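Undergrad: If you want the building blocks of each chain, they are given just below.
6 protein chains.
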Amino acid sequence: MSLTQTAEDIREMRIRGAGRIARAAVEALREYADTLPDSDLATFREQMYGAAELLGDTRPTAVSLPNAIRYVLSAIERAETATDARSAFHARADTFIRSSLHAVREIAEIGARHISDGDVILTHCNSEAALACIIEAHRSGKEIEVFATEVRPRNQGRITIRTLDDAGIKTNFIVDSAARHFMKEIDLVLVGADAVTVNGAVVNKIGTSQIALAAHEARTNVVVAAETYKFAPRTILGELIQIEEREGDELLPPEFAATLRNVTLRNPAFDVTPPEYVDLIVTEVGAIPPQLAYIIIREYLGWEIDEFQKPFVISEQDQE
Amino acid sequence: MSLTQTAEDIREMRIRGAGRIARAAVEALREYADTLPDSDLATFREQMYGAAELLGDTRPTAVSLPNAIRYVLSAIERAETATDARSAFHARADTFIRSSLHAVREIAEIGARHISDGDVILTHCNSEAALACIIEAHRSGKEIEVFATEVRPRNQGRITIRTLDDAGIKTNFIVDSAARHFMKEIDLVLVGADAVTVNGAVVNKIGTSQIALAAHEARTNVVVAAETYKFAPRTILGELIQIEEREGDELLPPEFAATLRNVTLRNPAFDVTPPEYVDLIVTEVGAIPPQLAYIIIREYLGWEIDEFQKPFVISEQDQE
Amino acid sequence: MSLTQTAEDIREMRIRGAGRIARAAVEALREYADTLPDSDLATFREQMYGAAELLGDTRPTAVSLPNAIRYVLSAIERAETATDARSAFHARADTFIRSSLHAVREIAEIGARHISDGDVILTHCNSEAALACIIEAHRSGKEIEVFATEVRPRNQGRITIRTLDDAGIKTNFIVDSAARHFMKEIDLVLVGADAVTVNGAVVNKIGTSQIALAAHEARTNVVVAAETYKFAPRTILGELIQIEEREGDELLPPEFAATLRNVTLRNPAFDVTPPEYVDLIVTEVGAIPPQLAYIIIREYLGWEIDEFQKPFVISEQDQE
Amino acid sequence: MSLTQTAEDIREMRIRGAGRIARAAVEALREYADTLPDSDLATFREQMYGAAELLGDTRPTAVSLPNAIRYVLSAIERAETATDARSAFHARADTFIRSSLHAVREIAEIGARHISDGDVILTHCNSEAALACIIEAHRSGKEIEVFATEVRPRNQGRITIRTLDDAGIKTNFIVDSAARHFMKEIDLVLVGADAVTVNGAVVNKIGTSQIALAAHEARTNVVVAAETYKFAPRTILGELIQIEEREGDELLPPEFAATLRNVTLRNPAFDVTPPEYVDLIVTEVGAIPPQLAYIIIREYLGWEIDEFQKPFVISEQDQE
Amino acid sequence: MSLTQTAEDIREMRIRGAGRIARAAVEALREYADTLPDSDLATFREQMYGAAELLGDTRPTAVSLPNAIRYVLSAIERAETATDARSAFHARADTFIRSSLHAVREIAEIGARHISDGDVILTHCNSEAALACIIEAHRSGKEIEVFATEVRPRNQGRITIRTLDDAGIKTNFIVDSAARHFMKEIDLVLVGADAVTVNGAVVNKIGTSQIALAAHEARTNVVVAAETYKFAPRTILGELIQIEEREGDELLPPEFAATLRNVTLRNPAFDVTPPEYVDLIVTEVGAIPPQLAYIIIREYLGWEIDEFQKPFVISEQDQE
Amino acid sequence: MSLTQTAEDIREMRIRGAGRIARAAVEALREYADTLPDSDLATFREQMYGAAELLGDTRPTAVSLPNAIRYVLSAIERAETATDARSAFHARADTFIRSSLHAVREIAEIGARHISDGDVILTHCNSEAALACIIEAHRSGKEIEVFATEVRPRNQGRITIRTLDDAGIKTNFIVDSAARHFMKEIDLVLVGADAVTVNGAVVNKIGTSQIALAAHEARTNVVVAAETYKFAPRTILGELIQIEEREGDELLPPEFAATLRNVTLRNPAFDVTPPEYVDLIVTEVGAIPPQLAYIIIREYLGWEIDEFQKPFVISEQDQE
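Protein chains in written order, with the working numbering: chain G, 1 to 320; chain F, 1 to 320; chain S, 1 to 320; chain D, 1 to 320; chain P, 1 to 320; chain R, 1 to 320.
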């Protein structure tokens, strides 16, 4: 698929999901590099940077897109000849795609080790990575039980319990409001993430921070499952991120809403859980305390501290 | 209406709502007393206590029912002749019914004084007393704004925003999960109560304790509006109350639920907010800190400390 | 001094200070009672209530004034003949004046018992009762050391250190901002109160709540010395009291202030320390935890719970 | 200006202020290097290290001085020939001076992004960097309001409100003691720093830690504006830093102090705010959570962990 | 047994244990009253007060002794003739002895209701009342498991596990230091008390406050089983009670201790758990939150608030 | 001593103690390297890695063993010829042994600087490094006082007070349960560590976390003295470490235990103190806040983040 076609598909949301977006962009860059004629290093870099910019501009609020591009282009930056740059870029692109595809598998294995036999786990929303940890723990013979929330307004909890039911895992389904009520029975809160900030705050489905607060009140551990490309250098500090609100029509039937004159429907898709309420973040390169988030950002994603400062808006459509 | 008829109507839930149940029981006792022939004090007491027991047994988990019966019968206990007992009972029954009918009006006036001009108020569920405070504050010219939650699974929030919209009050509608996200904008959390325990814990719609916890985290005041007959001597300590769970069919469409084999639907109607997260309880006899709850119970409802110890189960159908 | 003259003197602030205002009002009522001709009980009551109202209206925001009037008039309420009423009133007025005069002496003795040999005490503002405790502890041979704050904007700390210096007590003088810095060296925070609310919150000189917060952070005990007439039934809940602000000219030289166009001088005289940061309140009738404040209000001052609900504004000129 | 003259001027406090001291030292080293005859690398290093030691000894408690010297000398350490060393040193000295001069400007731009339209900001003392953020936010069209404290004993708050008034920013002036009282109205606390320690604790004007504690109690964000040369490797741990006390004569008129025999004037210029009360530190190289302070110290200032252990005394005259 | 003989036996610790001391004193007073010749009320009172004083002086630090004496003598205070006084006193003495003997039985029934099927309970020291609750819960068919601590230095935990083992209850034995380590597995901490103070603080075996702190950290409920005669009016505030230290020879073999020259053996028998770490106190007259402790003291034991202020020393030998 | 002999001695616990085990392994590797014939790099590596594996397998749960092996082998990894590898390995082995031997000496000097004149220090268990800090502070002339706990079940506190007594330091000996009771008198808690995890949690003798919690409650600093080889990359998160329990026979005399049928003796040797309760970790390369633990692990011990994820069991016999 051509570079411009991929850019178009990402922009028009025909390609969705943090992982798929990232891989599509890298594949498009790889194909594009193959089409480029031999040239000196400067020309090659210029062409590749131009292509990267084209892709990066398609979805300015996606977290995984700049991470992926940055990661693969860094191979070019360090190369000393055009030939080296091409081959280094190719190798790095292959690595990225492969490890991205395997990320959830790796997370599942690492995360399952942090689940003990007999644990009662609370999960919120429908995170592929979090569920993979739970299913892997179940598969390895641990007897576990899950509480899953409804996840208003889009009811993703129904997908979650379907998945858990299919896997034969004992599950309880509760409204979002009941999380604190049941917290005393919970041994572990395990959720995914839409983004992890430099200081280890976790941007995730609205309601996550409330659950993490209740877990913290009860000294229950909170574990987050997140691929490294979810780590967002530009989201400096949790509380200071700007959370985009979705349309309100998910909250009320339109015919009901139409009768109200003084009521605004407020529909933020995410909230921010501060790092002091998070005990562990499981990534495909290892499990870390949230305070080490910036290590992932610097050493695995390649960002420098002076790039952390840009304002950041997070939008739901770019994460899912 | 005859005593047995009223007892039957309460048992069969044809009479519902904490206030209505209480008043119906007192009215039935009053009518019953009028039918009794002249007798000595002992006989009169015996007959009235028998009637009270009949009524009290109809709904063992209602909070207002024993409060009302206890309150009016105490007039008989202190009387020294049958004649005195009759007239004291009549006076007390009248007082109870009148003050019960006026309770919300009184609460609204007292509660509105604790709302300041410019306040942004978060409310949860659909409490007549809490909304009366808000509407009274608005009526008295204070410019206020309200955040109202959806209140899953029965969506009582829709009734709340309808009421606020009709009153011309600027309102925001959010999912239950978004309470902590918006807490920094909130000046006051104002909710009702299904029961208040001896130590000032508040039993209210599921989700209330989560909101109060988030308010506490942000040093936002939590005010509870509750008629005195909501104060429950037998609910010793918040955390130790047994909360009855409702049928799960409110949580999922039955055709969906039918396909699940490993999933239990858990549907507690209430949770318990500990007194350290409550700043003020507004009753019709004055506003008190939660630590004075037992004063209401002892001095306004007439219970003694050695009656506080009975186990208590709270059930939704008896409160609404 | 005639009733109207005393009323005038209180209104015009020729009589100042919580204790002096209270005693002057009681003395005026006592003299007024002596001038009344013999009459029936109803007439006597009417006359005395009228006089009380006249006095009470002079300073609606004083705490001690309604407490004193209420206390002495309660003798009349319970009397059954005019003669009884007169003599009961006289006795109660005498009791009030005597115990009010001795209150600080009693507080000093009780409070000094809570100071241990070797204690380092932090005090804020210039409370006669708090200093009396410190001086009594020193007099009884305990080796103590005091940290006293400056108390901006009116520098009452200078009066405090003068008093402590005269008493020969080792004292350190610090700016208000340094309280937390030195808190690790402090064994006891000991302050006075301008008012104590029903739930045990303490209204005192601006800065007190900040010091109590820092004490709480360091698990240092906070003891408040307060005469019973400082307990204010109408101040329901600490955080909800309205604190009157003084003129800003205490904050800046007028010639400096005159050059500023966008600056407002904000000068609240008091703040509110929540009861969870107060360990003990020493009164002349005994030392109590803040949760028992309403016992003082009900049993020593004679207020009922349904009188607690009135809004309350606290103003500095009425306290000092 | 000659090396010895600069050393003398720094020692005698003719050169003051963290930034100016740092730049003067670097300029003196640069001039000195220019005067040195051609030599081998070892000789050049020895001469430069000698000069650095001379300068470093002038003010052992300054934070910026060793940071600046260390930063520029590291160029020499890595060079392999004398010629390389000279030119690398020159380049690095130029970089340091330029970025130091621009630091406040950079901080203002980064910091202003963390101020939202409508924010009410509390600031303490008179920090050039913190005020630059506020003024930049105002300049960019955000409607903001400021609370500024008096800052006893030297009243630097007057300079602050003069600056804000000149900038046309709506400002409130309060005594230091009133910070907690107004905290509920504050959206953001924004202060400067005299030093930032390895673990992210902030040494700043006395009173800062008290304000940060009150902000923490109310879940209000605390942002610190600090140039990188304020980061102090030798101040391992906030609470364990030794804070030098100033003369007490700032606290009381001498004629008053002279009359006191038992009173000591205690005048610490700074206090230490622990990192858990700080949300963000804005530097000229980016905004970081306090937990990343050591990254600044290691990667921007060039210190190693085994140099962090030296005891450290902070003195006011070296910071201002 | 004669009055003086009983006084002697109590003083010489031939009579031990809070309950036994209290009952012995009341019995001695009852016998003594029977020996007194008919007289007027004043004479009878004088004689009885003299006898009470004799008994009270035997063990000034016992909690139950003054409670018992106070309780039975209050019958005399209210009587209007000598005959009334005698009979009222007799009745009250009988009541006291009977209810004291039944107290543990009553507590067991009330306390067992607060234990749920499946609960894991941590207990510390060897409290008859706490163990009675556990055994009653087990007897009533609830499946429970207990963690019992060693209780250094006197190893009372061994008696506890012997009792639990005999009752057939599944028990774990741990060192005192391991309480926090196992707290996540614990559903309920259940301990006795040597004294309960006016504000609800609990004086109990050294180590209790540490366990309660760890329970509070993990949101685990703490329940205290205490007879009403353990409530101590003179122990105003937990933290301010003076705890007597026992001889150090329980801590080390004397031959070891003899070789140490710089080591002091510190052996406090009790510590004080603040009321905010206690959820419920189970007494024989009902279960109360700690904030209602003074109700027990005033209404069941008959003390007035102005008697609360005396200093109080608690000594182990008087409690056991 | 031959490689196999050393491996045998470590396995059979003839060599004990974290430091001694580490040094013995390094010495065995060094001797083994000397016996190897000249070869190419690949062969040399293979032989050395084989030897390392042999040693590493002897005690899979020791913390210092893999740290030491890893550290010295990293010299081989980076070498480019066999000759380089040999000499680099030799140098690194020498460095390790020397710095390991000096580690306690270095820690003592650094740690003593964090003890102030007049400090009262609480220590738990018998840590050579912690005691060295205390003794060094005493030796340097600071007047200090120590509280030492008994340390059940093995009474290591007796060794501690013997050491302190011999050093002439004023010491108090208390049961483990009394730590919170005395915490208000303590200025500093100073303990050793058996392991430090990646996120700065401290694994140490059972009871340490309880003391640190009580210190945190009272704002008392907690300092941990730990050699760098105690830092354990595989212990990701404190709370999630698996703590091995020892035999229960240390808890009770066997003849007593034999009579119990329902009692299990639970004897965990360690617990985990979360990093938020630790203020400073003193190592031989400097003092760090716990958040920098992973810096030690990465930069001084040479582990990568993706090696942090392995599960980890800590066993007492390997630490002592």
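No lab work stands behind these hints, which were simulated from the structure alone.
Bear in mind that the values here come from a model prediction, so they are computed numbers and not experimental data.
Check before you lean on any hint, since a few could be wrong.
Heads up, the list lumps identical chains together, so a pair's fine if it works in one copy or across two of them.
Cut-off 20 Å, straight-line C-alpha distance, at most; resulting in silico cross-link-like pairs (DMTMM-like, lysine to aspartate or glutamate) [what the hints assert, rightly or not]:
no.	residue 1	residue 2
1	Lys142	Asp38
2	Lys184	Glu145
3	Lys184	Glu245
4	Lys184	Glu143
5	Lys142	Glu8
6	Lys142	Glu255
7	Lys142	Glu53
8	Lys170	Asp38
Undergrad: State for each hint whether it applies.
TA: Verification of the supplied hints:
Taking the shortest Cα distances, Lys142 and Asp38 never come within 20 Å of each other, neither inside one copy (56 Å) nor across copies (51 Å). Taking the closest pair of Cα atoms, Lys184 and Glu145 come within 20 Å of each other both inside a single copy (14 Å) and across two copies (18 Å). Proximity of Lys184 and Glu245 under a CA criterion of 20 Å is satisfied inter-copy only: 16 Å between copies versus 32 Å inside one chain copy. Taking the closest pair of Cα atoms, Lys184 and Glu143 come within 20 Å of each other both inside a single copy (19 Å) and across two copies (19 Å).
Taking identical chains as interchangeable, the C-alpha atoms of Lys142 and Glu8 are never at most 20 Å apart, the minima being 45 Å within one chain and 36 Å between chains. When the C-alpha separation of Lys142 and Glu255 is checked against a cutoff of 20 Å, the pair qualifies neither within a copy, at 48 Å, nor between copies, at 31 Å. With identical chains, the CA atoms of Lys142 and Glu53 are never at most 20 Å apart, being 47 Å at best within one copy and 31 Å at best between copies. Neither within a single protomer nor between protomers do Lys170 and Asp38 lie at most 20 Å apart by alpha-carbon distance, with minima of 59 Å and 62 Å respectively.
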